[in-house]
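If you're matching them up, the sequences are chains C and R in order.
So the number in our numbering is just where the residue sits in the first sequence, counting from 1, plus 654.
So the number in our numbering is just where the residue sits in the second sequence, counting from 1, plus 654.
Take every hint as true, because none was put in to throw you off.
Pairs count within a copy or across copies, as identical chains cannot be separated in the list.
Derived lysine to any residue pairs resembling SDA-like cross-links, with alpha carbons at most 25 Å apart: (1) Lys669 to Glu898; (2) Lys669 to Ala889; (3) Lys669 to Asp687; (4) Lys669 to Asn813; (5) Lys815 to Pro753; (6) Lys815 to Ala750; (7) Lys815 to His874.
In short, the hints are calculated from the structure, not lab data.
Number of protein chains: 2
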Amino acid sequence: MWHAVMPAGSRVRPKLSLAVALACGDPCPEAADAAAAAIELIHCASLVHDDLPCFDDAAVRRGRPSVHAAYGERLAVLAGDALIIMAFECVATGAAPAPDRMAALIQIIAAASGGARGITAGQAWECEPRVDVSAYHRLKTGELFAAATAAGAAAAGENPKVWRLLGDRLGEAYQIADDLRDVLGKESEMGKPAGRDADLGRPTAVCELGVDGAVARVRHLIDGAIQSIPPCAGAAELRALVLEQARRVVPRELTLVAA
Amino acid sequence: MWHAVMPAGSRVRPKLSLAVALACGDPCPEAADAAAAAIELIHCASLVHDDLPCFDDAAVRRGRPSVHAAYGERLAVLAGDALIIMAFECVATGAAPAPDRMAALIQIIAAASGGARGITAGQAWECEPRVDVSAYHRLKTGELFAAATAAGAAAAGENPKVWRLLGDRLGEAYQIADDLRDVLGKESEMGKPAGRDADLGRPTAVCELGVDGAVARVRHLIDGAIQSIPPCAGAAELRALVLEQARRVVPRELTLVAA
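Start from the sequences and build out the full structure, keeping to the hints where you can.
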């Protein structure tokens with residue numbers, strides 16, 4: 655479990671969740687911390703299971719052996735399971751000072767992870783003879799980003815629904831940026847083999863839109879994300895953070911957002 | 655997910671959980687129902703992942719193809735993940751009328767499922783060169799039974815800790831009865847191949863104690879379980895239910911408990 659979570663990847667989802675909670679005034683930092691940690695734990699669990707031999711069979715993750723490469727397939731299955739469980743335990747323990755917010759936080763995180771609209775459903779598209787590319791990306795990446803912004807707001811006692819669009823757009827931008835890195839990036843910069851999507855015959859935005867089209871789409875999404883930020887005390891800081899993160903996730907050779 | 659949960663197995667854990675809630679007066683049936691359902695979902699998830707090729711490679715479960723045999727390994731991994739997530743979502747949704755009890759219910763179920771003391775840790779003993787048999791059974795079976803009684807009490811607003819011993823003893827009895835069935839039973843009665851533990855070189859109570867010793871141990875545990883029931887309004891009904899369940903789980907050719 656430690657190997658799956660440490661050292662840190664980009665931690666973009668929990669950072670986003672905490673940034674939204676902070677922008678909303680964050681009257682219960684324990685609940686926001688718990689939800690952010692839970693979202694990252696779910697993300698890490700999904701990576702462990704995605705890397706399994708029956709899915710991507712990926713031996714490398716974040717520049718190190720993947721969990722199953724290091725500890726075997728059986729412990730990788732169990733570590734993923736235990737990380738999912740830990741995510742919900744984390745909310746139950748951390749959000750205890752705000753019991754009235756606990757149900758909403760768990761529901762937001764669960765809906766983005768399992769069931770018909772979560773990561774597991776997104777990953778399940780890989781088992782279908784024909785893939786709905788848009789649904790695949792939306793469920794596999796977009797929903798957890800939307801959950802990150804919604805949970806940050808819910809932890810702070812604000813209406814989570816009006817915050818989903820920010821996460822939606824950032825999630826799609828992040829996914830396309832990841833596709834661009836896969837096409838353009840070097841393994842040393844990514845911590846995992848480049849060109850993996852093409853090797854696996856996996857549908858990507860770059861295949862659909864071309865590199866220029868994909869870059870334009872990311873720029874459009876980041877602009878739209880920033881415009882979607884609801885009125886709140888910390889809107890200016892949140893806008894700055896979104897731009898900073900956007901700069902970090904996009905391959906260096908592409909000028910994505912104006913400073 | 656449906657294939658993993660339906661048609662019903664014995665449902666012994668949720669029945670036990672609901673029986674305890676009822677014995678405690680059950681002032682919040684929604685919370686008790688949610689916790690009982692969550693415990694069964696976790697149990698079903700653990701069966702799906704235990705049956706995977708990398709663990710037991712079991713093609714049959716409850717008299718039908720196992721999930722991976724029916725739908726493939728990838729969907730079996732995802733179905734197990736989604737069932738775990740659904741378990742916690744179920745508590746968050748069902749226990750919403752009792753937000754003050756939600757954290758305790760989730761913590762009880764999570765501790766019995768993941769982390770150092772849960773099912774995943776129990777299953778992980780199968781990956782070690784030497785197995786601590788007692789810890790293996792305790793974590794893989796006993797903890798979820800203890801969680802069932804504790805969660806039933808917690809859902810009803812009672813102290814969960816004093817109810818754990820009942821679940822502990824019933825869990826151990828159930829495990830040994832399962833070992834006995836594996837040695838003595840016929841595949842047609844069990845819904846899965848007999849002699850599987852021996853084929854897998856798996857440590858069982860029957861190997862340690864012999865059949866007579868194992869039967870004596872189950873009888874002792876059922877007696878101890880009944881004696882451990884804390885004072886409560888529905889103690890008599892609960893005792894009767896424990897005896898009835900005990901009769902059902904033990905192979906027919908063995909006379910286990912006096913009527």
